[in-house]
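A.B. asks: These are the residues of each chain, in order.
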Amino acid sequence: AQSVSQHNHHVILSEAASLELGCNYSYGGTVNLFWYVQYPGQHLQLLLKYFSGDPLVKGIKGFEAEFIKSKFSFNLRKPSVQWSDTAEYFCAVSPFTGGGNKLTFGTGTQLKVEL
Amino acid sequence: DTGVSQDPRHKITKRGQNVTFRCDPISEHNRLYWYRQTLGQGPEFLTYFQNEAQLEKSRLLSDRFSAERPKGSFSTLEIQRTEQGDSAMYLCASSLPGPKSYEQYFGPGTRLTVT
Chain A
405 AQSVSQHNHH VILSEAASLE LGCNYSYGGT VNLFWYVQYP GQHLQLLLKY
455 FSGDPLVKGI KGFEAEFIKS KFSFNLRKPS VQWSDTAEYF CAVSPFTGGG
505 NKLTFGTGTQ LKVEL
Chain B
3 DTGVSQDPRH KITKRGQNVT FRCDPISEHN RLYWYRQTLG QGPEFLTYFQ
53 NEAQLEKSRL LSDRFSAERP KGSFSTLEIQ RTEQGDSAMY LCASSLPGPK
103 SYEQYFGPGT RLTVT
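Going down the list, the protein sequences come from chains A and B.
Going by my numbering, the first sequence opens with residue 405, and the numbers climb by one from there.
Going by my numbering, the second sequence opens with residue 3, and the numbers climb by one from there.
Don't read these hints as lab results, they were simulated from the structure.
Remember, predicted model here, so these are calculated numbers, not experimental data.
Each residue gets a CB set at the ideal place from its N, CA and C atoms; glycine is no exception.
Some hints could be false.
[Stated by the list, open to error] Keeping only pairs whose Cα atoms sit at most 35 Å apart, straight-line, the calculated DSBU-like set for lysine-lysine is:
#1 B:73 to A:453
#2 A:462 to B:59
#3 A:462 to B:102
#4 B:59 to A:453
#5 A:465 to A:453
[What the hints assert, rightly or not] Sample of chain B residues with no beta-carbon within 12 Å of chain A, all distances over it, derived:
#6 15
#7 19
#8 20
#9 24
#10 30
#11 33
#12 43
#13 60
#14 66
#15 67
#16 72
#17 78
#18 80
#19 88
#20 116
[Unchecked claim] Just so you have them, the derived chain A footprint on chain B, three or more residues with Cβ under 8 Å:
#21 51-58
#22 97-111
Let the hints inform the model, and build the full structure from the sequences given.
C.D. replies: Below, the structure is given as structure tokens:
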């Protein structure tokens, strides 16, 4: 069975600080990797995804994530956060083949950016 | 708005009552997923459809839960004899067929409170 761990449950940063959110997964095969974001009062939105190729992927709003296969990790980064990045961030995986692309999510990280 | 829609957005019911939720996916999406999210947790997969066929059900989906997608368009999720442990946000997502099937688009969810 697949599982996803997000070690930071709550993160508070000042504007312009750098962000790194950890994500580790457990799965006995190849996976697709995702970061979803949920802004206050809004629904889950896809931030970025990794299927194959360059392990450094860039998403919307200046976010990027790096897939490190040897560490089973897919950490999310942003060099300089803004107040509008305040949201909950979820890491998720799905099987690369089969499984209907069902997503397994981590528990989420609540990010608060202070002015 | 051509996104995924869910109805109702909130539902309060008494223990033992039956409830039904509806999800309307994005029109050209043939896959439809149901997830459940409880407080402090990430969404958990419940079931998914490809067109009208229900292809997988999670062990989380007890026999009190039933989902349908009769014409391959909208879907309903029914919970019979609700219990307080059913209180959660029920999320629906949809995806395109083919190479884009990995990207799931989420609706706003239906928040169920069982008193």
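A.B. asks: Now tell me if each hint is right for this structure.
C.D. replies: Consistency of the hints with the structure:
1. B:73 to A:453: holds (31 Å)
2. A:462 to B:59: Answer holds: residue 462 (chain A) to residue 59 (chain B) is near 33 Å, not above 35 Å.
3. A:462 to B:102: Measuring from Cα to Cα gives roughly 18 Å; hence the hint holds.
4. B:59 to A:453: With Cα atoms ~25 Å apart, residue 59 (chain B) and residue 453 (chain A) stay inside 35 Å; holds.
5. A:465 to A:453: holds (14 Å)
6. 15: holds (22 Å)
7. 19: Residue 19 (chain B) clear of chain A: closest Cβ-Cβ about 26 Å, beyond 12 Å.
8. 20: holds (26 Å)
9. 24: holds (16 Å)
10. 30: holds (16 Å)
11. 33: At about 7 Å from chain A, residue 33 (chain B) fails to clear the 12 Å cut-off, so the statement is violated.
12. 43: violated (6 Å)
13. 60: Violated, because the least Cβ-Cβ distance between residue 60 (chain B) and chain A comes to about 8 Å, which does not exceed 12 Å.
14. 66: Fine: 21 Å to the nearest Cβ keeps residue 66 (chain B) off the interface.
15. 67: holds (16 Å)
16. 72: Nearest chain A Cβ is 19 Å from residue 72 (chain B), so the label holds.
17. 78: holds (19 Å)
18. 80: Check passes; 20 Å lies beyond 12 Å.
19. 88: Answer for residue 88 (chain B): holds, closest chain A Cβ roughly 19 Å.
20. 116: holds (22 Å)
21. 51-58: Per the Cβ count (3), the hint holds.
22. 97-111: Satisfied; 10 residues make the cut.
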